[in-house]
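Undergrad: Here the protein sequences line up with chains A and B, keeping their order. Just so you know, we're using our numbering here: the first sequence kicks off at 1 and counts up by one. Just so you know, we're using our numbering here: the second sequence kicks off at 1 and counts up by one.
There's no promise every hint is true.
[Said to hold, decoys possible] Which residues of chain B face chain A? A few of them, derived with a C-beta cut under 10 Å, are:
#1 Asp29
#2 Val48
#3 Ala57
#4 Leu58
#5 Glu220
#6 Pro222
#7 Ala313
[Unchecked claim] Ranges of calculated distance between the beta carbons of each label pair, as one might list FRET restraints:
#8 A:Ala56 - B:Thr268: 47 to 57 Å
#9 B:Ala321 - A:Gln76: 14 to 24 Å
#10 B:Asp107 - A:Asp60: 28 to 38 Å
#11 A:Val408 - B:Pro293: 47 to 57 Å
#12 B:Ala176 - A:Ile488: 43 to 53 Å
No lab work stands behind these hints, which were simulated from the structure alone. Positions of the beta carbon are idealized from the N, C-alpha and C atoms, including for glycine.
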Amino acid sequence: MPVASPPADVARDLPPAPVRRGALKARWVVLGGLACAVPFAVPFADLVVDALREPAAILDVLASSRTAEPLWRTVQLAVIVTCASVVVGTGMAWLTVRGDLPARRFWQVAAVLPLVIPSYVGAHAFVSAFAPGGLVAELFGVEPVTDVRGLPAAAWVLTTLSYPYVYLPVAARLSGLSPSLEESARLLGRRPLAVFFTVALPQCALAIGAGALLVALYTISDFGAVQFVGYDTLTRQIYGARFDRTAAVAFSLLLAVLAIALTLVERGVARRVPQAPAMTLRRAVTVPLGRWRAPALAAVAFVVLASLVAPLVVLGWWVWQGLVNDTPRFPDDGLIPPLLGSTWVSIAAALIAVAVVLPIARLTVRHRSRAGGVASTFVVSGFALPGIVIALSLVNLFVATPLYQTYVVLLAAYVIHFGGQALRASQVAVAAVPERMEEAARLLGASRWRRLRTVEVPMMLPGLAAGAGLVLLNTMKELPATLLLAPIGHESLSGRIWQTAEQVYRYDVATTSLVLIACSAVLTWWLVIRRMEHVVR
Amino acid sequence: MVAATVALTVTACSDDGQRLTIYSGRTEDLIGPLLEQYAEDTGTGIDVRYGDSADLALLIDQEGGRSPADVFVSQSPGALGYLAGGGRLQPLPEDVLGLVPERFESDAGDWVGLSGRVRVLVYNTELVDESDLPASVFDLTDPQFADEVGVAPTNGSFQDFVTAMREQVGDDKTSAWLSGLADGGARTYPNNVSIVEAVGRGEIRYGLVNHYYNERAKQEDPSVPSENYFFPDRDLGGLILVTGAGILDTADDDATAADFVEYLLSDTAQHYFAEETFEYPLVDGIDPVGGQPPLESIPSPEENLSRLGAELATTREMVDASGLAAG
Chain A
1 MPVASPPADV ARDLPPAPVR RGALKARWVV LGGLACAVPF AVPFADLVVD
51 ALREPAAILD VLASSRTAEP LWRTVQLAVI VTCASVVVGT GMAWLTVRGD
101 LPARRFWQVA AVLPLVIPSY VGAHAFVSAF APGGLVAELF GVEPVTDVRG
151 LPAAAWVLTT LSYPYVYLPV AARLSGLSPS LEESARLLGR RPLAVFFTVA
201 LPQCALAIGA GALLVALYTI SDFGAVQFVG YDTLTRQIYG ARFDRTAAVA
251 FSLLLAVLAI ALTLVERGVA RRVPQAPAMT LRRAVTVPLG RWRAPALAAV
301 AFVVLASLVA PLVVLGWWVW QGLVNDTPRF PDDGLIPPLL GSTWVSIAAA
351 LIAVAVVLPI ARLTVRHRSR AGGVASTFVV SGFALPGIVI ALSLVNLFVA
401 TPLYQTYVVL LAAYVIHFGG QALRASQVAV AAVPERMEEA ARLLGASRWR
451 RLRTVEVPMM LPGLAAGAGL VLLNTMKELP ATLLLAPIGH ESLSGRIWQT
501 AEQVYRYDVA TTSLVLIACS AVLTWWLVIR RMEHVVR
Chain B
1 MVAATVALTV TACSDDGQRL TIYSGRTEDL IGPLLEQYAE DTGTGIDVRY
51 GDSADLALLI DQEGGRSPAD VFVSQSPGAL GYLAGGGRLQ PLPEDVLGLV
101 PERFESDAGD WVGLSGRVRV LVYNTELVDE SDLPASVFDL TDPQFADEVG
151 VAPTNGSFQD FVTAMREQVG DDKTSAWLSG LADGGARTYP NNVSIVEAVG
201 RGEIRYGLVN HYYNERAKQE DPSVPSENYF FPDRDLGGLI LVTGAGILDT
251 ADDDATAADF VEYLLSDTAQ HYFAEETFEY PLVDGIDPVG GQPPLESIPS
301 PEENLSRLGA ELATTREMVD ASGLAAG
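For reference, chain B alone in the conformation it holds in the complex:
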């Protein structure tokens, strides 16, 4: 009986023809409903493996030409850049790339941004007066911020941010900033969530994080006294980092895979990212929710986004050398 059921399912799928295997660094909460919607709309069968973006990139690398994955959805440009560097992503169709501004896709056109996360300074509203907020992320090495800033040096977003800083102001100034933070007693945390929690309970006054974590923490407990501060005047501290997707060289059916990536850039999906996960939609004409500043006012890394992945090893060494990451 069980065998019969299984056989039936398989037949049904092969009749429809299409089946996609997606490796997703976005967790189920952040993409699951979209996948279900897509499967329902198109009749495509969807198989998803959820995991950490970096782990999944390594897995695809290790699987080589036999990888079952068709599409890779990543939380950060770093993991996509790693696969692109290994020649594992194929160029996306022009009509997909055309949906988002050029600054949110790789130069080679082998992956495209889906949603944006803006780097912010989260602060404790009970302990910090608004007039004390810094004009630039570079001010955080000033004595007045000593022992009061939380960072997550091993976190992918922080490292991507440091890489972007290196591209923009050079390695020397970046190293000086990292050492300045370390010498000023910046406190280190495993991830963004811990920083937001630490700011919320007043363990530290400020934290460098992605913007949406505080939105979610406030949803969990509205009484938490933490707020996001967006650095003004296109300061480097307010950089946007994107999540993205690429089609693998091992994809069975390129057209279906491209159709799926296009769906992630549709109005439905972009509104989902804005309203359900509090991220920035990247497609023109769809605005972020709440009091978030408009996308146009937010700077993105100047260089080719794929370099974020290629440069990651050097960035890590610099973060290590600054003394920020050590216990």
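The shape of chain A in the complex, shown without the other chains:
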């Protein structure tokens, strides 16, 4: 079951675009794509404008040790989490897609789900479980030896929560890859591990790169986990320096530059990697793992246990404790209003994000213009900007309009923040429509609308659904922009978790978190996983 998502620049895999009938039409596609990309540049432009007001002061901050140390810590964390996620995500993908493990479907779904756990919840659960005197000590009577603070803790928590960004595209790639090479290698006597390293891995390079980029961006933008384990990164500095506007702008700018650099590096590397085209497989291909089967199963089980089961157990424990001590303090209407609020807003954000990035995806895949490359860089980098930076830039833009404090601005913030995730999936989706087929439909006299409806959309649907799913998950978890931009009276699950976590109400935190996780899981299954099964087998 091939949860799909998107290898990077799929553009490279395609034959050169034929020269189209009208250059005029191409120009409209370019203009349309660029217009869709403009909103994504807003936070970046806002930062630059702010910085130009006091360039000398900004440079002072950037040149000081106040900047150097958090920057170095951020880079260390990003490198460790990205490398670890690549190893875990790729290994999990190969074992659950290719390995002859029992209950493969189960592992495939479980491997994706840590993505729905907000980092502030995951980190809180981790600290409560493994800190001296925590849940693990209480239940098993052993004091965990590791310190639950600083770099190791931050790296652990973020890796367990973000490796699915690698897992998703690699699993999708593997299930769409012709097994003949791997089978030949096996028949020639290579062991499964050797087949993995010499045959499967190189073919997944692009997918790994795309996933690694998202992990790196997620890591440098994270506030929840680093705040909980006390690891001082640039993003933590941005929040800490809120009343020091100069420093906040300087740190945000630096983070933006870092994000753009990461995105460009990934694009640059990806461009040099050749890739065999994917195909739709009619049969599931598995590799007999032999005596590696038991250790492989143990490894997969351990990853699922550490990343998914452990946080859920801690949350369950808090709920249990709350019930025992009779402390629930929910308002009468319970969790229904925030559940509905989060759900509809997330679905809307996901649909809009896909609609907005699709023209940009067409631009990069079909037309491969330089403008498309610039546009997609901004779209993807927006994921690394902290929510508060994006929110405040939109306040600046909209406060004088009647749209301010309406859902329009809130949805715009979500789309700008998370659109990059839909972009990658949309690129895959666009690439999935053979141009020849479109051409054929056109020659047969089908109208533009009819071609779109009967040829393009059905073929793009799985990729678009995957992109929408990722936007949806992130929107459900988002907190700072939600609190600042939502119309007054809007209720959200993340807002409710924040409110109760500010107090000591662990029962409420845990219950609300579980509802958020369950709701995200159901929506992901419905939108992404289930749909993929229809199309890619």
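Dock chain B against chain A, hints included.
TA: Chain B alone, transformed into the frame defined by chain A:
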């Protein structure tokens, strides 16, 4: 049908005339029931945006002259001081300011304290003998407390406390105290809640926090072996920090806004803060609940409270430089 309903609601409100938009750094649990009561009593329509105090102050700053907010309720003097420094708060009427002792309002009279939080040393009763408790917060750098004290260096309350310390004993002594804590292996946490939890499970023996967190933790689980220790003899460690409210320069209806702030200082509201949120009421004649020492025995920052906001950047730099905040 929906459109008709909306139109009706709007008409009803505009007939009554009054509508207040409040940006509240206090979460709904800590103020919601009061707002409902006020709306019911006065017929004023209330719109509230809840959020982190610092984030909301930034939001108001960014919104500028077009801010929809009428009143800002903050968890800490820092965020109010930030807005006051930008000239965004207007002077409160004398009769509102007169309700609380002068030490709990800004010198310029542009914001007023609503409730107090006292800095305490929370300790684990199973691991700590009462005779080992320090006489002063400055003693926490002694070797006997090494590796056993939890602090939240990025937390607003801790930073306000450090600013107050700087005002009282100077930057040098404050820096020495911060470095002493860092060198002694003080453990850092994201917030007060985590410290209270860590003390409760015995990960550390002591923690510097606001007093009411332990009260709430005990309400959640009465068996937790943690207690508050109030530093004696008006020690700086037992400082009171206030939550407060101010009226914004963008307020539509100053009189209604002032009436609302006055309500937050009424007997009803002050008893609510004492009994429901375990804070210190600031209005004379209303006592804190439980075994908490009386307000008169608790010191407050000597300098103008608004300076807590203005000095925050320097405080942050000092905390950073001490090595306490880094991972």
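Undergrad: Looking only at beta-carbon atoms, does the pair Asp107 (chain B), Asp60 (chain A) fall within the given range of 28 to 38 Å?
TA: Holds: the Cβ-Cβ distance is about 31 Å, inside 28 to 38 Å.
Undergrad: How does the Cβ-Cβ distance of Val408 (chain A) and Pro293 (chain B) compare with 47 to 57 Å: does it lie in that range?
TA: Cβ of Val408 (chain A) to Cβ of Pro293 (chain B): about 52 Å, so the range 47 to 57 Å holds.
Undergrad: Does Val48 (chain B) pass the interface hint, meaning its C-beta sits closer than 10 Å to a C-beta of chain A?
TA: Hint holds; Val48 (chain B) Cβ to chain A Cβ min 7 Å, cut 10 Å.
Undergrad: Can the hint on Leu58 (chain B) be confirmed by a CB-to-CB distance to chain A that is less than 10 Å?
TA: Since chain A brings a Cβ to about 6 Å from Leu58 (chain B), closer than 10 Å, the hint holds.
Undergrad: With chain A as the partner, please determine if Pro222 (chain B) meets the hint condition of a C-beta pair closer than 10 Å.
TA: 7 Å, holds
Undergrad: Does the hinted range 43 to 53 Å hold for Ala176 (chain B) and Ile488 (chain A) at CB?
TA: Roughly 46 Å apart at Cβ, these two residues keep to the hinted range, so it holds.
Undergrad: Can the hint on Ala313 (chain B) be confirmed by a CB-to-CB distance to chain A that is less than 10 Å?
TA: With Cβ-Cβ at 4 Å, under 10 Å, it holds.
Undergrad: If you check the beta carbons of Ala56 (chain A) and Thr268 (chain B), does the distance land in 47 to 57 Å?
TA: 52 Å, holds
Undergrad: Take the C-beta atom of Ala321 (chain B) and the C-beta atom of Gln76 (chain A), compute their distance, and say whether it sits inside 14 to 24 Å.
TA: Given range 14 to 24 Å: holds, Cβ gap about 21 Å.
Undergrad: Would you settle whether the hint for Asp29 (chain B) is holds or violated, based on the nearest Cβ-Cβ distance to chain A being less than 10 Å?
TA: 6 Å, holds
Undergrad: Taking the closest Cβ pair, is Ala57 (chain B) under 10 Å from chain A?
TA: 8 Å, holds
Undergrad: Are Glu220 (chain B) and chain A close enough, Cβ to Cβ, to be under 10 Å, as the hint says?
TA: Status holds, d = 5 Å.
Violated hints: none; the structure is consistent with every hint.
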